[in-house]
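Protein chains in written order, with the numbering used here: chain A, 1 to 344; chain B, 345 to 688; chain C, 689 to 1032; chain D, 1033 to 1376.
In case anyone wonders, no lab produced these hints; they're calculated from the structure.
All C-beta atoms, glycine included, are put in the ideal place defined by N, C-alpha and C.
Careful, some of the hints might be misleading.
Here are the simulated lysine-lysine pairs, DSS-like style, with alpha carbons at most 27 Å apart [claimed, not checked]:
1. C:K827 / A:K25
2. B:K433 / B:K448
3. B:K369 / D:K1125
4. B:K448 / B:K434
5. A:K139 / A:K58
If the Cβ cut is set under 8 Å, some of the chain C residues that face chain A in the computed set are [stated by the list, open to error]:
6. V749
7. E885
8. P1029
4 protein chains.
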Amino acid sequence: MKIGVIGASGYTGQELLRILTHHPKVEIAYATSERFAGSAVDEVFPSFKGIIDLQFRKLSVPHIARDADFIFTALPHGQSMDVVAECIKKGKKVVDLSADFRLKDAALYERWYGKHSCPDLLSEAVYGLPEIYRDEIKKAQLVANPGCYPTGAILALTPLLEGGIIDPVSIIVDAKSGVSGAGRSPSMTNLFGEVAEGLKAYNVANHRHTPEMEQELSVRTGEGIHILFVPHLIPINRGILSTCYARTNGALSTAKASKAFQQRYGKEPFVRLVPSSTFPSTMEVRGSNYCDIGVMVDDSSGQIVVISAIDNLAKGASGQAVQNMNIMCGFPETMGLEQIPLVP
Amino acid sequence: MKIGVIGASGYTGQELLRILTHHPKVEIAYATSERFAGSAVDEVFPSFKGIIDLQFRKLSVPHIARDADFIFTALPHGQSMDVVAECIKKGKKVVDLSADFRLKDAALYERWYGKHSCPDLLSEAVYGLPEIYRDEIKKAQLVANPGCYPTGAILALTPLLEGGIIDPVSIIVDAKSGVSGAGRSPSMTNLFGEVAEGLKAYNVANHRHTPEMEQELSVRTGEGIHILFVPHLIPINRGILSTCYARTNGALSTAKASKAFQQRYGKEPFVRLVPSSTFPSTMEVRGSNYCDIGVMVDDSSGQIVVISAIDNLAKGASGQAVQNMNIMCGFPETMGLEQIPLVP
Amino acid sequence: MKIGVIGASGYTGQELLRILTHHPKVEIAYATSERFAGSAVDEVFPSFKGIIDLQFRKLSVPHIARDADFIFTALPHGQSMDVVAECIKKGKKVVDLSADFRLKDAALYERWYGKHSCPDLLSEAVYGLPEIYRDEIKKAQLVANPGCYPTGAILALTPLLEGGIIDPVSIIVDAKSGVSGAGRSPSMTNLFGEVAEGLKAYNVANHRHTPEMEQELSVRTGEGIHILFVPHLIPINRGILSTCYARTNGALSTAKASKAFQQRYGKEPFVRLVPSSTFPSTMEVRGSNYCDIGVMVDDSSGQIVVISAIDNLAKGASGQAVQNMNIMCGFPETMGLEQIPLVP
Amino acid sequence: MKIGVIGASGYTGQELLRILTHHPKVEIAYATSERFAGSAVDEVFPSFKGIIDLQFRKLSVPHIARDADFIFTALPHGQSMDVVAECIKKGKKVVDLSADFRLKDAALYERWYGKHSCPDLLSEAVYGLPEIYRDEIKKAQLVANPGCYPTGAILALTPLLEGGIIDPVSIIVDAKSGVSGAGRSPSMTNLFGEVAEGLKAYNVANHRHTPEMEQELSVRTGEGIHILFVPHLIPINRGILSTCYARTNGALSTAKASKAFQQRYGKEPFVRLVPSSTFPSTMEVRGSNYCDIGVMVDDSSGQIVVISAIDNLAKGASGQAVQNMNIMCGFPETMGLEQIPLVP
């Protein structure tokens, strides 16, 4: 199958290229970059020297539709929607890594991101979290790949909400992210000197990924819920650790809570439950598509703590995108995603 | 005034030496290290070359009592109590940086740390958080210097609890610490390779600093309260960011909450309230004795978020210890503590 | 083929497990760790959860000889030699990752490392740098896997020495290494707090890898040569950058020097020559078995600068060990070593 | 004395503000930033909250000449020269931190940086390395503050060249720099994701600081010399380690070489010679104005290795600028520069 990657010179694009290169069923036929069009991929990303022999091209939907069977869009939000709409019109299957098709409500999209140019497509798009929407993804033409923070938080909270184990009005997600999540565009904010050796919160209770979490977790409970979401920036490249808090509904043992996770995810290839009284580390999933989860009930406060770790570029973006492609195309779900975490 | 530093070759000892060197009222007369006894201080810490001309000595309480007027003990918990007791008996004023005199209840101490050898001294020791116990510290012979995590959390939560603004049963402290807090002893856990580029929680709802926070915050409310405390390890050297969550008692605006902090800390020399809708960063306090605090109320969830940033070795340990010494000795409180944060 | 890994709980052991797990021709049958014997591999290294189902065992050569066909020893130098000798006696093929069989001269070994217990084996051992000794490795029973620094330096200098292009008495190797090269044993020296945010040289002109470089580069020139080797410690986990300097023998253009590298390494699967006037970065080889090399002649000084980048745990240790195994066993040389560098 | 800082919102400007704030003889009267004009200094740099109460202003030379007695220019090269010329015309003393007045030869300046608009001033400007030009600096109206790399290299090599101990045609400077040296302007190259966890050389034998080193070292020898200068980028914020190599003129012991350094720098307040067989670390000078130097002769190769460590923002820029101001104004040379290195 021939693959087109639109917006391939950012970090998620680079990670898509890394993963797809070894996927036995696909070939990267087309990679676009407005900035680096005309340059060889391995000139822009020397790590691919001897591995990828391709030139970045300027985006032309007719050309990519001619040359590729399946398309990943890794453009910034706002820029993605029109391109996706055109690709869909050409009959292509698309996984969109931007935020443009994640929210079902165009008004909500507009509040957080700006005007949506093709709101009709919102209902067609399937939210690409395979652990929840596997069946819908199988039949989808357009998959909206989840945000990095929502992936970690939703996987951590779903078994609790589905099981009615926690009070949905009390949820707090205290997330810590590596810097690659901020992208590869020139900026002062993400300079090494501004980030390294420091530690801070940002967009407290006001981050664009909040409505995405709320939408998906509300589906789990059947009623609109609110999440208090506080993201932090950590001086590492890859990794999101989501420390989630919620009040339990009545007495609950850690063992029983763990069992809910075991039942929900026991057969999932990419969710790993860490042993009792241990907790996950981002380094232990780095470079892989795993989401590791640890659980503990704190009796004294009647709260449960669930911690999930993902690689924001893998399970939080490009790895999950390939997982979605596998499902959409009938390939084995783990195909091309066997990377073992790189430690240390 | 002649100073003795007992246990001066760890990170808090080193930081004490750095701060005391420029303090205009004191002279470091005696520094002990069992490990490095006989070596020059600047041989063990080359950063002090040309600055400190002193040899590490083995601890001898009679000698230090003879040579020093004021004593800092920076020994591990358990090892500190007997030494402190002897120094107190010799009539010296002591700031103890270990955990040995922080808890008022010997049984509680025993549960978390082990048997206490001089429980009688517990009631004499003053908990050395100047923003709360300034008057008591003035008259104290023995000050128990607070733990790094409790310093950040207690400063963040005190105005809310004193003002009756939050529900004390709902408090969560999600803290993130740099690695220097783990000390300078050889270990596998804190090797660069185990820590760098990673991110993880540890001692979830089970950290020794929990009872210390609970003790002090219970005093604020007049009733025993429980804190859900989750510490995380972050690959930076210095800094603790404490993200604190609590349910508000009734409607509350961010402005009103900020005012409570302004009233409580407006005259404090080392507490800085960051502007509305901004939040502190550990880098902006690094190397200084400041505690920066930011506040936001999240209406939708009825929760307040308070974030404090300190340098764990300064306000979280040695800076605060010198602040305590200044108060105990009638020096201006900020003397020797004017270091400007080192950025970047 | 069944594999035994002796000393599998250090960083090179862990990396061997990571690489071997996906090697299509082998199965890890036996992994030893004195420290963690009895624990599951994924308990010690949680990154392997769901990937490796094996227990660490105490070393017993009879058992490993019964259960494994091919053996990697990843023990500290001094501890490895006797174990290797026993395995060799049992008829096993062995790749030894320690320094014990790298030097041909037992007296030289003794000077740098201590007494050698089986000097007879030194002449049998083949120095496992495939780009130089491929034919010998094919027939070897015992391969001494090169040190990390020597791998980077020898690959950078060999084309120049073989081509007679540089003056062998003028060679300087200024190498910069990540911290994982120092191993995983508890130590104060390699604590995060001692290493992070700093930068220093160590063992200047006095590092144990010097005689290894000298031995191998002397073979290239046919006469004993001396290398001035200065290693530096850099706060990253993986990577060695070797900046090598030498005086050219007469006028030389960068193009001509590059051509010597092209001719020497043009067909090598794991040596990549970076484009003219660019230089390699350790991040671009991280997690992979590549050695990237860049070259420039400085006319004004009559010096050539050659810079090589490797991942010290991969091409500098475990990746190269697997490459050697492939050659020894007649597998395709790149089998199991297709990992693409992890960036960022 | 009233100080004006032109270009105060970059890293060197920020460091000037940090140092000058505690200088007992000066007051910061005027700080310019085109980008942040109108914002409070502590809004742009929250670390200064409660410390600096000043607004950034747009540059107006008449205003700054009216309000300030002494001026620091911390603008990019090319932008600095005209501003400096105007300030000089107004009779102000100036320390210029850009490259604009470091080179004596306008043609050389043009080759590396571009056209010079006021070449007449080049001969008036004094190169601001106090360890060499203290007497000239005393009388100077305009001091060209040295580049960060040249500071480290020139201090390391001067005693050897002055003493005729090394062959000046064989000098190699292999320097490693933290990222803050690249400034605070938005860029992709210096994003955390591009720099962290990596290690690379750049501008090999082609860096703009080369002619500056050559100019100054040629003065030492009395003949034009060439330096092979290879800078590397290291993922730390502050620090330059310069590993310098040269062939010795005849037999030389480490002790004798050290003695040359002792004699040359024994009375220098900011140059520290580390003990024999140890070498400096950037962390041990971080945040301070020290330059630490270690020396070793390698008999086998007839080479000497000199390693210097500085904080690139302090002794490599703003600390040295204040040292120059002290000398120019007759203040004690160390005034305001007593910061002890921040470790860890």
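Status of each hint after checking the structure:
no., hint, in the structure
1, C:K827 / A:K25, "violated (37 Å)"
2, B:K433 / B:K448, "holds (20 Å)"
3, B:K369 / D:K1125, "violated (36 Å)"
4, B:K448 / B:K434, "holds (23 Å)"
5, A:K139 / A:K58, "violated (30 Å)"
6, V749, "violated (29 Å)"
7, E885, "holds (6 Å)"
8, P1029, "holds (4 Å)"
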